[in-house]
Structure formats: C-alpha cells, structure tokens
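The listed protein sequences correspond, in order, to chains U and W. The numbering of the first sequence is the working numbering, which starts it at 1 and goes up by one. The numbering of the second sequence is the working numbering, which starts it at 1 and goes up by one.
Hints may contain errors.
Claimed, not checked - Derived DSSO-like pairs: lysine-lysine, alpha-carbon spacing no greater than 27 angstroms straight-line:
| no. | chain 1 | residue 1 | chain 2 | residue 2 |
| --- | --- | --- | --- | --- |
| 1 | U | K401 | W | K165 |
| 2 | U | K268 | W | K210 |
| 3 | U | K150 | W | K354 |
| 4 | W | K354 | U | K157 |
| 5 | W | K357 | U | K142 |
| 6 | U | K150 | W | K357 |
| 7 | U | K154 | W | K334 |
| 8 | W | K165 | U | K299 |
| 9 | W | K165 | U | K167 |
| 10 | U | K148 | W | K357 |
| 11 | U | K157 | W | K236 |
| 12 | U | K157 | U | K173 |
| 13 | U | K325 | U | K345 |
These are calculated hints, taken from the structure and not from any lab test.
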Amino acid sequence: MPVWLREHRWHQTLTTLYLSLPLRGARATPANIFCTERYLKVSIPPFLFEAILYAPIDDTSSTAKIRNGNIFFTLYKKEPAMWDSLTVENADKEKLQYIRENAVLKAQERAKEETEAKKVTKQEHKNYALEATMKLEEAERKRIEDLKEKERQKVTKELELWKNQQKEADKYKSIQKEGDLNKEIWQLKERKNEKMNKTMIPNEGTFKTKLKPTKGHGSSSMFSQNLKEEQIPAPRSAATIKVNFTPRVFPTALRESRVAEEEEWLHKQAEARRTISADLSELEDLKEEEKNPDWLKDKGNKMFAMGNYLAAVNAYNLAVRLNNKLPLLYLNRAACHLKLRNLHKAIEDSSKALELLTPPVPDNENARVKAYVRRGTAFCQLELYTEGLQDYEAALKIDPKNKNIEKDAEKIRYLIQGTMQGS
Amino acid sequence: SAPGLERPQVVSHVQQSLSYTVFDCKWVPRSARLLCLGSAARGTGVVQLYELRGARLELLREIEKPKPMKCGTFGATSLQQRYLATGDFGGNLNIWNLEAPEIPVYSVKGHKEIINSIDGVGGLGIGEGAPEIVTGSRDGTVKVWDPRQKDTPVANMEPVQGESKRDCWTVAFGNAYNQEERVVCAGYDNGDIKLFDLKTMSLRWETNIKNGVCSVEFDRKDINMNKLVATSLEGKFHVFDMRTQHPTKGFASVSEKAQKSTIWQVRHLPQNRDIFMTSGGSGSLHLWKYEYPAQRSKKDSEGAEMGVAGSLSLLQNVTLSTQPISSLDWSPDKKGLCVCGAFDQTVRVLIVTKLNKI
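Whenever a hint applies, use it, and build me the whole structure from the sequences.
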C-alpha cells in the first residue's frame, strides 16, 4: 500500500498554478514525475501523490523543480480561470480510473510522436550528409574528366596536324617522283658512257631516307624499283625442316588448368581397356603390363621392326585374347603373317581388321588402305590375281595418290592379261 | 590522382561499328589510313580501307572476296607499292594491289587448312635481304614464301612423317639484320614455341610454355634478335631475352600473368622497342615496359654463358570492350596511335599519351 503524500500546498494566479510538495525525505528524480493534461502523479515508492486536476493544463510548458526535499510545480493553465480547488472533488472511482488510463495513453502517444519526430530529423541529417559527400566526389571526378578531356583534345589536334603534314608530303613526293624518274633516265644514259658523278639529292622533309652504299657506286636510295632489285638477293633455295611436336593426345589446345582433368580421363581410359575378366586363369601368371593390350601391341610392333615375326605374332595373339575389338592388332598381325608366308592367316586377319574398321571415315583411311594392300598381296601370292586386283583397286579408291599401289595394280593387271592370253 | 595522371593514358579517339567479324586490322604505312579484314555473315571475306578524318573514320574502299580473310601484313612490300598480303580461311595466300584488287598480284593455295597467322619482312625499307612472307596454318606447317617464286615455298617447316599435327597459331620473323640472317618463330596450340633459322635451314631452339601460344613477336625484326614476347592462353605471357642462348637451357625469360583470360595479341611500339601492349580476352589492353637487368648475361657453373631476364612493369591498363580484342596494330608513323579490332564487331582507334616521358 502506498503512502499518500498529502501535505501539499498550492496557490494560483489567473494563468498559473503553483504547487509545492514536500517529500518527507525521499529523493526525487524526473522519472518519478508523471504529468499529463489533467493528471499529475508523483511516485517515489513507497510514497505516492496523485492529483486529478480541476482543469486541463499545458503539460509541455509546465515545469517541476526538485529542491530541498520538495517539488515545486509551475503549471500553466490551458484556460485562464481561477480554479475552485486543485483537484476534482467528489470524483467517483470509475472516473478517476478512466482519467488515469487516459493520461497514461496520452503520455505513450506523446512519447511515440517524439521518437518519430526524432527519427525523421535523423534521416534528414543523414540525407544531407550523403548529398554533401556525393557532391564532393562528383566534383573530384569532374576534375579528372576535364584533365582527360584536355589531353584528348590536345592529342587530336596533334593528330590532325600530322595528317596534314602527311598529305603535303604525299603531294610533294608525287611531284618529286616524276622529277626523279626523268633524272634516272638521264643518269642511266650517262653511266653507260662515263663514270659516276655526284647527283643532287633532293630534300624529302618528313621522310627517312637510307643511304645504302651499293657495289662501287655512292648514290641515294631514291632509285626506282628496277634498280633496287639488283641489290636484293635471289629467292632462297627451297628446303624443308622437319618438326617434332611435344606429344599431346587431345586435339584441343593445351591449357594448364585442364591438365589435371585430362590426365584423369586418360587414366580412366587405360583402365577401361584392361580386361577385368578373371576367367582366363593364365592371366595370373602375367605381369601387370602384359595384361595391357596397348603395351602388347607396342611390343609386337617392336618385334616386327626387329624382324622377329614369330614373337610379334605371339604378342598380338595375347593382345587379341584380352581385347578382340582393336582393328590395329589384326592389321599388324596380318603383316607378320605375310612375312611368315602364312597367306591364309594374313587374309583372315586383314578381313577381320576391315570388318572392325567400319564405318569408313577419313580417320581410319590409313588403316584401311594398309588392310586392303596386305590382303591384296596375300591373294596375289596365292595366285588369286583377280581377288588381289579387287583389293588393290579398293585401296587405290581410298588413296588415289599413292604411286606404289598404282604400280602394283598395273603389274597385277598385266599378269592377269598375260595368263588370260596364255590360256 | 596526380601520380596516376603522369602515366601514359589510353584515349579512345574513334570507334567504328562494322557489319562483319573483324579478324585483323593494320595501318597502311606512311598514311592515316587503316585496313580491316574479316569475315562477313554470308561467309565471304571482306577488306575495308578507312581513312582517319577528324573524329571519324571514312570508308574509302570495300573489297569482297570468296573466302573469309584471317590475317594480313604489309611487311614484305615496298613503300611505293604497299601491296597487302593476306591469308584466308581456305589456306590461300594472296598479295593484293589495293588500287586494283580484282586480281591478286600473287596467289597460291599454300595450306590445306586456314592460315592462322602471317608476317612479312624485307619490305617497307626495314631490314635487309629479300622480301619474304611466312604463314602458319592449322595444318601444322609453317611456310616461307618469296613473292618472286610461284607455287612453291622457299622454306617449309612441316611435321615429321606419321607425326600427328598440331595447329600453328602464330608466326613472326626476326633477326633480319643483314642479307643472309633470318629466323622464323612459330607458336603452336600445344604450347610449343619453335625457332627456325632460315640461313642454316634448321631448328635453332624450341621450348614449351604449357599453354597454347596465341601470339609471338620480336621487339624488332631488323636487328640482331633482342627480345621475344610470347603470349598464351590462361592470361600468361613470357618475355625471352634472345641475346644469349645457353646450350641446354635455351633463352632466359620472365613471365607475367596479367589476367585470367587469353592474351590474344602482343605488339611492340615501333618507336620504342621496350614498350609493348597486350590485348586480352576480357576486352582489355595492358601497356608494359621491360627493364633490362644490370647484367644481361652471366656464366653458369660450367662456364657457359646464360642470359638474365629483366623485369616488367605495367604502365597502364584499360578495358574497352566486353569481347576479346583479337587484333592490334601500332602506327609506324605516329607514336602512340594504334588501332584495335574486337569481336564485338568494332574497330577502335586509340591514342596512347605521354609515351615520350617513359
């Protein structure tokens, strides 16, 4: 229960009300005072003073002074009139309550309004500051732009000047050229008869002239085209330089950032080509690299190059068992069989290679030509000349520029005609 | 910022929108005219000749040819004739007289596939010796042509029999300081750079820079070879010091990674061989200066001479376009004037200022 403060004293004028409130020793701060138009409250727990004023006052201009344990209120009346009493008498509880609540609400509203007003002013200040900085920056930028523009104009003027110079020089040059041509003709005639004498070198102004000493003559380079050609060496004798490239599997250009990706891809491709079937029990005996058909193919190629055809065939056989879809293996094995005179096997392998080399595209042109040629050779050696000729002609169709194939085809035709005539 | 403005500025002078894809742009020597060549939408080749007039480019002539044009050079022609040598998508090398472009002065089907790059030497009063043109093609060969010899090249750098070919993306002449000496440098898509000596008809040096080589250029064609810049994919370029060749290590180099995208072209300033510009796939241009080291060569542990590479400093960079700038050319007559062509079908004339103060 609050302790009511009732020892207040008041006196009034027409416009103002003075109220003094002793605080019985309690300390008061502005937070303890609550005042609206019709309601005044001072609450310093446990002390409480409240007054429902007789008439409304102007609470914004009214003041309260806290001094010597008293609060001195100076309240300005809204309407100048003498009040009968400070507070409303005989007010019933409900009215009091209503007025209290109203007062609180009003106070809250006011507080809200104040904060809003503060926000608005703050925003305005910010905008102003921003505009000011923007103006400054704009000024700076403009300054730089102006400098650049000045440069640009200066440079454009220079350019125009230079261009005009060029035009003048061109005109001058064409006039000179005529003069020179006449001079040259005269000079040539002279030189035929007598030794060189010094010629007048006209001043060219803006052009750079080179004075090249020629064989025995001291003359300017203002000569016509014909004379100059005497000094230029003859065209180089044609030659070819053979070039090797740093190997690269991919047809695309090399980029450092893609190298890692490319390595991975190649690795995966190589893995895929190795067989994973564990059925062939002999595989356990083989070393890691011998399971790789590419490695075996290379081995076979090396053996062939060395002349060891049987070993080459073995290598190719193993490779075929691992992967029977690589046409090059059959192709190379056919070549070995030719050397070993296993002609039927050569024909078989070339045929198999040709089967695998479908579809016929420019990429596998080389391989197909070789296959046809090898099969053709095998046929001829078995004296099946017509079949051989067919293959040679197929090869020629793919690669019409190959002279060797043409020659051989001719020979076979000759042979066929010979046997036909003979029989 | 004041210190920033002391550096060379790249000022965009004129911009011209084109109705075709421009692959190469070149200044016509001794004039304010420039040439653009490329591929029209209907699959034909276009050559346009513009003149710089005030703040715009005026079209003087337009020539249409059956095959799209990829590259061109004035390097092998005399100052009076100023014939243009071009390489096109069909592998044909043609030399045109721009005054009478109906029939080429010289024509040969030099390669089986597109000619990616062309260079000329011995013309324009620069260098000594016979005028020659080199072309590099997707068919993996590099061929040197003499306009006086029909149909066959005077030098052919081709892959060994059976070797799978790599695209040649760029070629450049160098070391043409007297009548006999000449080298050709070629860059390939697998990162190979090869240096061919035409006097001895042999391979003088090769290396691999781990990224496809987009552009190579010597700082000067007509001097004892001094520096070679090679640009590549992935935003890298290398500057090789070509004065000292070590028997095993080759030439010393310094490399720089300027940006993430491909560096399409490098071009040295004709008036100062230590300044060059690189153009990038992000539409940017970077202006670089090379500084020589205190000692250009030193002895290694076995006493063999090896080169010492210098250092690079970026003078300026600017982004002009969203598409790659694929071609770049400095004017040989006006210092700082350059033209660049980009894949946004625009050709731009730029002026680089303050190059005198470098």
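Next pair to validate is K165(W) with K167(U); report whether the Cα-Cα distance is within 27 angstroms.
violated (49 angstroms)
Given the proposed pairing of K148(U) with K357(W), does the C-alpha separation stay at or below 27 angstroms?
holds (17 angstroms)
Tell me if the straight-line CA distance from K325(U) to K345(U) falls inside 27 angstroms.
Measuring from Cα to Cα gives roughly 18 angstroms; hence the hint holds.
Does the alpha-carbon distance linking K154(U) and K334(W) stay inside the 27 angstroms limit?
Distance ~15 angstroms between K154(U) and K334(W) Cα, so the pair holds.
Keeping to a limit of 27 angstroms between CA atoms, is the pair of K150(U) and K354(W) held or broken?
Within the cut-off at roughly 13 angstroms; holds.
With the threshold set at 27 angstroms, check whether the alpha-carbon distance from K157(U) to K173(U) stays at or below it.
holds (24 angstroms)
K401(U) and K165(W) were given as a pair; does the straight-line alpha-carbon distance stay at or below 27 angstroms?
holds (20 angstroms)
Is K150(U) within 27 angstroms of K357(W), Cα to Cα?
holds (18 angstroms)
Would you check the hint for K157(U) and K236(W), treating anything up to 27 angstroms between C-alpha atoms as holding?
Roughly 37 angstroms between the alpha carbons, so the hint for K157(U) and K236(W) is violated.
Decide if the proposed pair is consistent with the structure: K354(W) and K157(U), CA atoms, cutoff 27 angstroms inclusive.
holds (15 angstroms)
Is K165(W) within 27 angstroms of K299(U), Cα to Cα?
holds (25 angstroms)
Is it true that the CA of K357(W) sits at most 27 angstroms from the CA of K142(U)?
This hinted pair holds, its Cα atoms lying about 25 angstroms apart.
Going down the numbered hints, you'll see the structure goes against 9, 11, while the others check out.
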